[in-house]
Amino acid sequence: MVERIEQAGRAEPDVPGRARSPRGRATGRHGPGGRRRTGLLRAGVALTLVAGGLTACGGGGGTPTLNWYINPDNGGQATIAASCTKAAGGKYRIKTALLPSDATQQREQLIRRLAAQDSGVDLMSLDPVFVPEAANAGFLRPFTASEAAPLTQGVFDSAVRSSTWEGKLYAAPFWANTQLLWYRKSVANKAGIDPTAADFTWDKLIDAAVRTNTTIGVQGNRYEGYVVWINALIASAGGRIISDAEQGDEAKIEIDSPAGRQAAAIIQKLARSRAASPTLSTDIEEPSRATINGPRGGFLLNWGYVWRAEQGDAEAGAINKNIPADLGWARYPRVSPGQESRPPFGGIEIGVSAYGKYRDDLAIEAVRCITSPANMKRYMLDEGNVAARPAIFTDPDILKEFPMAPLMRDSIAAATPRPATPYYADVSGAIQSRWHPPASVNPSTTPRESAEFIRAVLRGQALL
Amino acid sequence: MTSVDTAPVRGEISDRGRAERRLGLLLSTPAVVVMLLVTAYPLGNALYQSLFSYRLTAPDDRRFVGLDNYATALTDGLFWQTVLTTLVITVVTVGVELVIGFALAMVMHRAVFGRRTVRTAILLPYGIVTVISAFAWKYAFDVQSGFVNSWFGLGDYAWFSDRWAALFVIVLSEIWKTTPFVSLLLLAGLAQVPRDLGEAATVDGATAWQRLKRVTIPNMKAAILVALLFRTLDAWRIFDNVFIMTAGQEKTQVLSFLTYQQIITRTELGLGNAVGVLLFLSVVLIAAVFIKGFRVDLSQVRGDR
Chain A
200 MVERIEQAGR AEPDVPGRAR SPRGRATGRH GPGGRRRTGL LRAGVALTLV AGGLTACGGG
260 GGTPTLNWYI NPDNGGQATI AASCTKAAGG KYRIKTALLP SDATQQREQL IRRLAAQDSG
320 VDLMSLDPVF VPEAANAGFL RPFTASEAAP LTQGVFDSAV RSSTWEGKLY AAPFWANTQL
380 LWYRKSVANK AGIDPTAADF TWDKLIDAAV RTNTTIGVQG NRYEGYVVWI NALIASAGGR
440 IISDAEQGDE AKIEIDSPAG RQAAAIIQKL ARSRAASPTL STDIEEPSRA TINGPRGGFL
500 LNWGYVWRAE QGDAEAGAIN KNIPADLGWA RYPRVSPGQE SRPPFGGIEI GVSAYGKYRD
560 DLAIEAVRCI TSPANMKRYM LDEGNVAARP AIFTDPDILK EFPMAPLMRD SIAAATPRPA
620 TPYYADVSGA IQSRWHPPAS VNPSTTPRES AEFIRAVLRG QALL
Chain B
400 MTSVDTAPVR GEISDRGRAE RRLGLLLSTP AVVVMLLVTA YPLGNALYQS LFSYRLTAPD
460 DRRFVGLDNY ATALTDGLFW QTVLTTLVIT VVTVGVELVI GFALAMVMHR AVFGRRTVRT
520 AILLPYGIVT VISAFAWKYA FDVQSGFVNS WFGLGDYAWF SDRWAALFVI VLSEIWKTTP
580 FVSLLLLAGL AQVPRDLGEA ATVDGATAWQ RLKRVTIPNM KAAILVALLF RTLDAWRIFD
640 NVFIMTAGQE KTQVLSFLTY QQIITRTELG LGNAVGVLLF LSVVLIAAVF IKGFRVDLSQ
700 VRGDR
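These protein sequence lines are chains A and B, in that order. Take 200 as the starting number for the first sequence in the working numbering and just add one per residue. Take 400 as the starting number for the second sequence in the working numbering and just add one per residue.
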């Protein structure tokens, strides 16, 4: 293993901040040498390990190593890993390993490792929808009540609820996420609408976009992001996809309801109008964000990262420099004027593997460090991803960087998570199968067909 | 090993022949053992698991269901839709590749100058990793980053939002990627056609077309059939292009992808292995049809006889 670590180090010698030790290749072999490294150097090592994608087994001599499987970001989690390693003062060190980029494939890789009881996984960055499945299968080590208290106090209720399974906390909320309606102020002016108005609905949004010949960017590919949209619409109409999820394959399926039909009507109306992106049925987050920067850009439903990404693109000259100033934001639109919208919920929770060597002590300490308010704030500033603690949103540094922070906070507080069920992958896949492509959605048939199909899939009577 | 082939007719094997045969079996034992380990065991395991209702995330709920998984798969419309898609991809790619591959093989065979350059240029696509070529084609046809739409003035035509348009791109990339393989096999066949046969036909006044049809092609029939067999089996198991370009949306799932979705994504090991076994059986069927039906003799392309 030591040799492999060194190889990874050699493979990427120009990582910023990585100073070559005079003893060169021998350093990895001896504990004390490893401990004397600076934080920057550790960050460099963490980065090179990301590049190597290692599942190492304690290379640094005496220091226990925790392997943290992370979703790809711009280095924010590696920075936190390095600073927690430093804070631990030699008690443990955290190494990060990179998972695939989309949520479905992250789950696929983790599930294979966990089912094989891989002891090389200690911590995991989990998509909240994966928590019930992993918890139910016994893959995650639940937090005891006393461990859970500091991880959940002052954290968004929606984040805590989606980390909890059958009354126990199985993952620590790290960052929360929600979608806002992003819009070009110039287009809204031209259309004569106010997206921030309390009773702003999807119908008004679609009509305005059609009137101004602009597009509404949404995620309509056959993937998890499309279910995020469907779930938010159904929840905003006062319904839900399933209930009694603990019943597993006998859960109550409620997608065939007035709320389900209202959601289908909105998707149908948008997908068949000129307001739809031409690639709606293949759009994921980034292509949909690109639509608002295009010549027909008008509106966009997307996660909190958009603000940072747009500013970055404008600075880099990839998009028109005036776009960020023209960018407005509003709460997720309503389905019916008299009913508050229920924006999507997302984010990342940190789970502790049930098979790691340090699951009862060091891993728990590390989770506490990773999800500390200071690290959440730093992650939000570094990555543009939204903290899971409401108090952070009134922090002056955050308000300066994210003028929409209060809206994000209220939006997360009102968000409705996707169904919590151990069979989430089946439920989500079945919905995608029947609701895709968006232009084929029909309010009078799609909700009913998808309800029947979810049932058949849950019972293992249909292919997906 | 050749001793087995060259042994005299059954019944009158000499002592020497018997000893050679024994030696042959002995020498091939290690290979057979390795084959059994790496193919027979996983296959047997898949067969066994396909008889259960078994989910990786709920191992305690495993129960024996007999052939139910096969019944579920074979009565599911999605399975047959997938078979159709796979069939379309196979027939179109193999047909087109055979024609283009033959033409390229002729070019490589006849090239007078720059022979190595010509061969390298033709074989280049085959050296590219399929996933990488799949991404390249995907981005080429992408509405935002691609160049295809602007070259052909197609505006914002979304290639991957329609079943047949998406399949068109998948097939095109498959053809681009694997035609060199076909032409390589055909080149080997062309090299085996005795030159004097063609010359004799020319003397007899045969046109170029007649020579191709009556001399060249009949003499390389074995090479053509082997190329067909290999490519058909490859095309039938297509996965990478579909996985990268459409991930199965717009009814572009193929059999391998369907298996992947059941086993890896849903972690339904029972149902997924049943689909996998069905895929395996279809591959065996194709191979059997070629080898028995068309009498493909795999040893002939090597020029053993």
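A couple of the hints might just be wrong.
One-sided excerpt, in silico: chain A residues whose CB lies under 10 Å from chain B [as the list claims (entries may be wrong)]:
1) LEU297
2) SER300
3) THR303
4) LEU313
5) ASP317
6) THR395
7) SER480
8) TRP528
Derived, one-sided and incomplete: chain A residues facing chain B with beta-carbon distance under 7 Å [what the hints assert, rightly or not]:
9) ARG421
10) THR478
11) ALA515
12) ALA517
13) LEU662
To be clear, the hints were calculated from the coordinates, so they are not data collected in a lab. Please read these numbers as outputs of a predicted model, since none were measured by experiment. All C-beta atoms in this analysis are idealised placements derived from N, C-alpha and C, irrespective of residue type, glycine included.
To see whether the hints hold, each was checked on the structure:
Evaluation of the A:LEU297 hint against chain B yields a violated restraint, the C-beta minimum of about 17 Å exceeding 10 Å. Taken as an interface hint, A:SER300 does not check out: its beta carbon lies about 13 Å from the nearest beta carbon of chain B, beyond 10 Å. Checking A:THR303 against chain B by beta carbon gives a least distance of about 7 Å; that is within 10 Å, so the hint holds. Checking A:LEU313 against chain B: minimum C-beta separation of about 9 Å stays under 10 Å; hint holds.
Interface hint status for A:ASP317: violated, as the beta-carbon distance to the closest one in chain B is roughly 13 Å, over 10 Å. For A:THR395, the interface hint is violated, since its Cβ never comes within 10 Å of a Cβ in chain B; the closest pair sits about 29 Å apart. Hint status for A:SER480: holds, given a least beta-carbon distance of 4 Å to chain B, under 10 Å. With a least beta-carbon distance of about 23 Å to chain B, the hint placing A:TRP528 at the interface is violated under the 10 Å criterion.
Because the smallest distance between the Cβ of A:ARG421 and any Cβ of chain B comes to about 4 Å, under 7 Å, the interface hint for this residue holds. Because the smallest distance between the Cβ of A:THR478 and any Cβ of chain B comes to about 5 Å, under 7 Å, the interface hint for this residue holds. For A:ALA515, the suggested interface contact is broken, since its CB lies about 16 Å from the closest CB of chain B, more than 7 Å. Interface restraint check: A:ALA517 against chain B, minimum CB-CB distance 12 Å, threshold 7 Å, status violated.
Evaluation of the A:LEU662 hint against chain B yields a held restraint, the C-beta minimum of about 5 Å falling below 7 Å.
The earlier numbered hints that this structure contradicts are 1, 2, 5, 6, 8, 11, 12.
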